[in-house]
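Spelled out from the first residue to the last, the chains are:
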Amino acid sequence: MRLHEYQAKQVFADAGIPTPASTLAETVDDAVAAAEDIGYPVAIKAQVHVGGRGKAGGIKLAEDKDEAREYADDILGMDLKGYEVDRVLVEEAVDFENELYVGVTMDRGEGEPVAMVSTRGGVNIEEVAEEDPDAIAREHVDPAFGMHPYQARKVVYEAGVDRAVANDVASVLQTLYQIWDDRDGSDAEINPLMITSDDEVIAADAVFNVDSDALFRQPEIQEMEEEAGGGDELEQKADEYGFDYVRLDGNVGIIGNGAGLVMTTLDLVDHFGGSPANFLDVGGGAKAQRIANALDMVFSDDNVDSVVFNIFGGITRGDEVAEGINQALEQFDEIPKPVTVRLAGTNAEEGMEILNEDLVTVEHTLEDAVQRAVEYAQEVEA
Amino acid sequence: MSVLVDEDTRVVVQGITGGEGKFHTEQMLEYGTNVVAGAVPGRGGQEVAGVPVYDTVHDAAREEDANAAVVFVPPAFAGDALFEALDSPVDLVVAITEGIPTQDMARVKRKLRETDTHLVGPNCPGVITPGVAKLGILPGNIFSEGDVGLVSRSGTLTYQVVDDLTNRGIGQTTAIGIGGDPIIGTSFIDALELFENDPDTKAVVMCGEIGGEDEENAAQYIAEHMDTPVAGFIAGRTAPPGKRMGHAGAIVSGSGTGTAESKINALNDAGVPVGDTPEEVAQNVEDLL
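Chains as they are written, first to last, in numbering that gives the first Met the number 0: chain A, 0 to 381; chain B, 0 to 288.
Chain B with its partners taken away, still in its complex shape (with noise of 0.2 Å):
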């Protein structure tokens, strides 16, 4: 099985004209995602890569019978597609989107919270059910098909982690890249929740990183309610205070919380071992089967 991503998702790529939506359309259409539709304002009725375009996500939606969403659009116009996708209805939205400014993205969670849509980024790498379809950027050829779930803040730490797992032979049900923004659709607890609940996940890798406390909290949230074994990994250990490191929330303050070590203590109370290096979490994965 599977979370958020299975055989029956039909995606509909918004921004799909795009340098990057048609060359990724492209790379999802060949990983067997089954790509429905595009949808770009004005460029209704053309095709990019055999897949029919519409005006609206709406239309594309009612007449692909589109269920989720990939979002390809430029930042200044990102905010509003994501409303669009949240309106039109889907289940499942994907924001891939780097930039998009933090008051359009607490607009975007104010709707969210209306919705029953699942929203993963922005500013994320997407999420994959191995061998089963790819909503995003993520390079296909690297995952594999197993028992692990894999939940990180950083799209290509996830690269690096899920390599490790895949060159031990051990494969993944879903990996859900969360994005590194200050403001994200879904959490830790979130994806930890979809796993626990998940009778195929039997263990699950998250990747955190220095910045706000999402880690803490979720470390919290294994503690009371997860059985599923989870391994952690934290980049960030040498970032030094005050600096901000590409992420808006990876900036440490200095004033105790959100730096690595905190993180890396409040996961070890929780049972949650944390490796060194991403060779050791695949390790650690491996005790934990």
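Just chain A, with the same shape it has in the complex (with noise of 0.2 Å):
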């Protein structure tokens, strides 16, 4: 789970890191106001989940009212790589001599958390770590222990931060760690973290994502997500319905057990001809209800001309899903599209013997399975 900029920013600046002076506004008199009070020059910045919002447009430099009302205007509103910027952050806009990276973040490989440091902030980091993977400084945390403030100071020191701040930068990052292990977090990085020419440093951006299957125990973080909203309108639906679901492009429904599975699906869609329109993991276990909210789901997307099934049933169990499949294409006079269902494992007989042979097309392998769900989307199309 992302936080906007303007939430982890907060997060940060609770925990005692300093930040510039910043205040959200949701309209151009707002932003104004804001830009007013807190002293020109200011940036303003849409608060959006995109990457590279500079170069897209989505962060301005004003230098007086005028430009203040200007860039307010243009960027409230826009569309920025698909998403509406709806607030922007009117900010202080710092002078700085040099620009940092710091973050924290786990090392799947390793299984153990890793903290960062490099020199060449204020640029795309992951260019950095391609070209020049010596450029970052990188130590591993004990998670029984956590940071030690050596070790903050001993990455901070190797990655060749001016000693004048070096104390300062190090102090930040066992915040930044110890945000990170509090709140349960997956990644946390300031990029840049701004030296001004008084050697202050100042945590200019701020990115804090948070371990989804976490939410649980971190009621504010889960507060701030539902304030931030946004995104496409079905993976909202899916989100609620607690789905793990990408939409495509493509136009042959997929719904699944199985994150592997269903990938494996999408793959053998794209083998026979066909092309996917979502990826849909009903998950482990899943409930007949479950199984029609997904179908709910499915139907839901336009572009979708028919629907294939693959279950494999472990923990799931098939005569579950067949109840689910006929309860909610019972509810239709004409079934809006065709639907392929393939069931095995765990009580597949069971569900077969359940399943609608009226409203359903019944295979018994996944190629055939996939192979009609692709015919039925080409007559469609055709």
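There's no promise every hint is true.
In silico EDC-like pairs for lysine to aspartate or glutamate, Cα to Cα no more than 16 Å straight-line [to be verified]: (1) K108(B) <-> D73(A); (2) K201(B) <-> E285(B); (3) K64(A) <-> D29(A); (4) K110(B) <-> E109(A); (5) K242(B) <-> D238(A); (6) K110(B) <-> D141(A); (7) K286(A) <-> E19(B); (8) K108(B) <-> E109(A); (9) K242(B) <-> D243(A); (10) K108(B) <-> E35(A); (11) K110(B) <-> D90(B); (12) K54(A) <-> D73(A); (13) K59(A) <-> E91(A); (14) K110(B) <-> E111(A); (15) K336(A) <-> E378(A); (16) K64(A) <-> D85(A); (17) K108(B) <-> D79(B); (18) K236(A) <-> D301(A); (19) K336(A) <-> E366(A); (20) K64(A) <-> E91(A); (21) K336(A) <-> E348(A); (22) K242(B) <-> D248(A); (23) K242(B) <-> E234(A); (24) K108(B) <-> E111(A); (25) K336(A) <-> E380(A); (26) K336(A) <-> E356(A).
Read the hints as simulated data drawn from the structure, not as lab findings.
Could you fit the two chains together into a complex? Lean on the hints.
And the structure:
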């Protein structure tokens, strides 16, 4: 789960990391009032979950009231890579000498947190990591002990941070790790961490992603997520239903259980000349209502011409799935899109007996089911 | 022979009184698994499916001589349950639970380094030695006894591939679902090493997916250390970059590593044939035997 910049900055500032003065605004008038309050120059920054906001015109520097009005008007309501901007952060523009990168993330390969510092801040750090990995100093942290102060200093020195600010940067890193640890972070980043001519350190941008699986014990973060909203309408619906769902641009709707099997179904649709409309994993142990919800999701995507169910039961039971499919389809006078079903594994035979074959096409192998669904989709398009 | 699970495996089920715990304990017993105890705090003295329940894994291991644990505990408490199992101690822990916070798993992984216990999972279907025992939620009826080892990051994909193997008359020594979470106990390399050292495993199937670099690392291990032939499958060829496909690990960053292509290439370079469909994987295994 990803927080907006203004929310991440709030979390960081509350923990004691210095941030520029800023105000969130939803209207042009509010943005101008905020700019007058803060004093020029100010940065006006779109608050959307899009990388490269600056290049896309989502961040502008205003030198006076007229510019503040003009830029706030430009940015509010603009479409930024598919996201409508409904909020801007109006922020004191910091005059800086140097820019650093400071971050904490989970090193999945090692299964350990890792803290990173680089003097090549202010740019796309992924590019730095690829072109010149040595430009980023790294320090693994034992999750049982947390980050020791000496580790924060070590990585800061190793990165070659200027002596005059090294201790302050180490302190920011230490705090960032503590936030990451306390709040179930997956990634916490400051890029850039600005160094002023007076040797002050200020977090000019903030990224904070939280482990979605840990939201149950992070009520404040969950509240921020609800406040943030946004995103694709169908993906929001999937969130409400609690599905892993990704919308794609094809016309064969796909519902399955287990990420690996659903991905394989997508690959097979492609293999047999079709085009997947979505990834939808109902997860383990899905009951009838959940299956009905999944069908509702896929039916409400206008691009879908045909639907394939691929269920291989383990913890999920075939009879429950069949009940759900019947339940969802029996409410229609006419089935909106042809549904092909393949059931295997736990209670699959019971499921096959329950399935109403007037409403769906039953296939017995994965390959046959996918091929049939692709054919149906092609017939609709033809 | 087999790896991880055999006739001497004596299982304690953590979370045996829950819906899934109870259902799958019955399924495991029906398959012939030696489920000797359950462990649920506050439920000591009860019985589930004829199996005695204890308050702690420690009591269950001591009283019933259990040497393996299967965990059906909800995600919020699962990290603690894993620590309890590692501390009891047992030789094998199979964690079925999906959605354990990653930081909890980092601490469990840290603890694991200090023990000799094998942890399989979490977010996995479990381990099965066909005809002998299954620990987890795998549907027993699709498996058959034989000489092919299987290791997979995805549960349902495991079932699909096993089904195709069994339909061709190819049985399995042991199948291990290692789970799709970012931090897991048993890696591809750990499982491949177990199979390489098992004289009865004549070939291995490895099912991977996009995200992370575990498959690439496994390919290197295969090239350098394995005599047993391996057949591969990679799910997620059509996944668009930057989108997370269910498993936390299954995201393509777009930076070249972790893609289906890089994994398939690494496996091919290690002499591993990678099938386009699960059916083709079974065909490849037949050719390797």
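Now for the hints, and whether the structure bears them out:
no.: 1; hint: K108(B) <-> D73(A); in the structure: violated (50 Å)
no.: 2; hint: K201(B) <-> E285(B); in the structure: holds (11 Å)
no.: 3; hint: K64(A) <-> D29(A); in the structure: holds (12 Å)
no.: 4; hint: K110(B) <-> E109(A); in the structure: holds (13 Å)
no.: 5; hint: K242(B) <-> D238(A); in the structure: holds (15 Å)
no.: 6; hint: K110(B) <-> D141(A); in the structure: holds (11 Å)
no.: 7; hint: K286(A) <-> E19(B); in the structure: holds (12 Å)
no.: 8; hint: K108(B) <-> E109(A); in the structure: holds (9 Å)
no.: 9; hint: K242(B) <-> D243(A); in the structure: holds (11 Å)
no.: 10; hint: K108(B) <-> E35(A); in the structure: violated (52 Å)
no.: 11; hint: K110(B) <-> D90(B); in the structure: holds (14 Å)
no.: 12; hint: K54(A) <-> D73(A); in the structure: holds (14 Å)
no.: 13; hint: K59(A) <-> E91(A); in the structure: holds (12 Å)
no.: 14; hint: K110(B) <-> E111(A); in the structure: holds (12 Å)
no.: 15; hint: K336(A) <-> E378(A); in the structure: holds (12 Å)
no.: 16; hint: K64(A) <-> D85(A); in the structure: violated (21 Å)
no.: 17; hint: K108(B) <-> D79(B); in the structure: holds (12 Å)
no.: 18; hint: K236(A) <-> D301(A); in the structure: holds (15 Å)
no.: 19; hint: K336(A) <-> E366(A); in the structure: violated (20 Å)
no.: 20; hint: K64(A) <-> E91(A); in the structure: holds (14 Å)
no.: 21; hint: K336(A) <-> E348(A); in the structure: violated (25 Å)
no.: 22; hint: K242(B) <-> D248(A); in the structure: holds (13 Å)
no.: 23; hint: K242(B) <-> E234(A); in the structure: holds (12 Å)
no.: 24; hint: K108(B) <-> E111(A); in the structure: holds (8 Å)
no.: 25; hint: K336(A) <-> E380(A); in the structure: holds (12 Å)
no.: 26; hint: K336(A) <-> E356(A); in the structure: holds (15 Å)
Comparing the model with each earlier hint shows violations of hints 1, 10, 16, 19 and 21; every other hint is respected.
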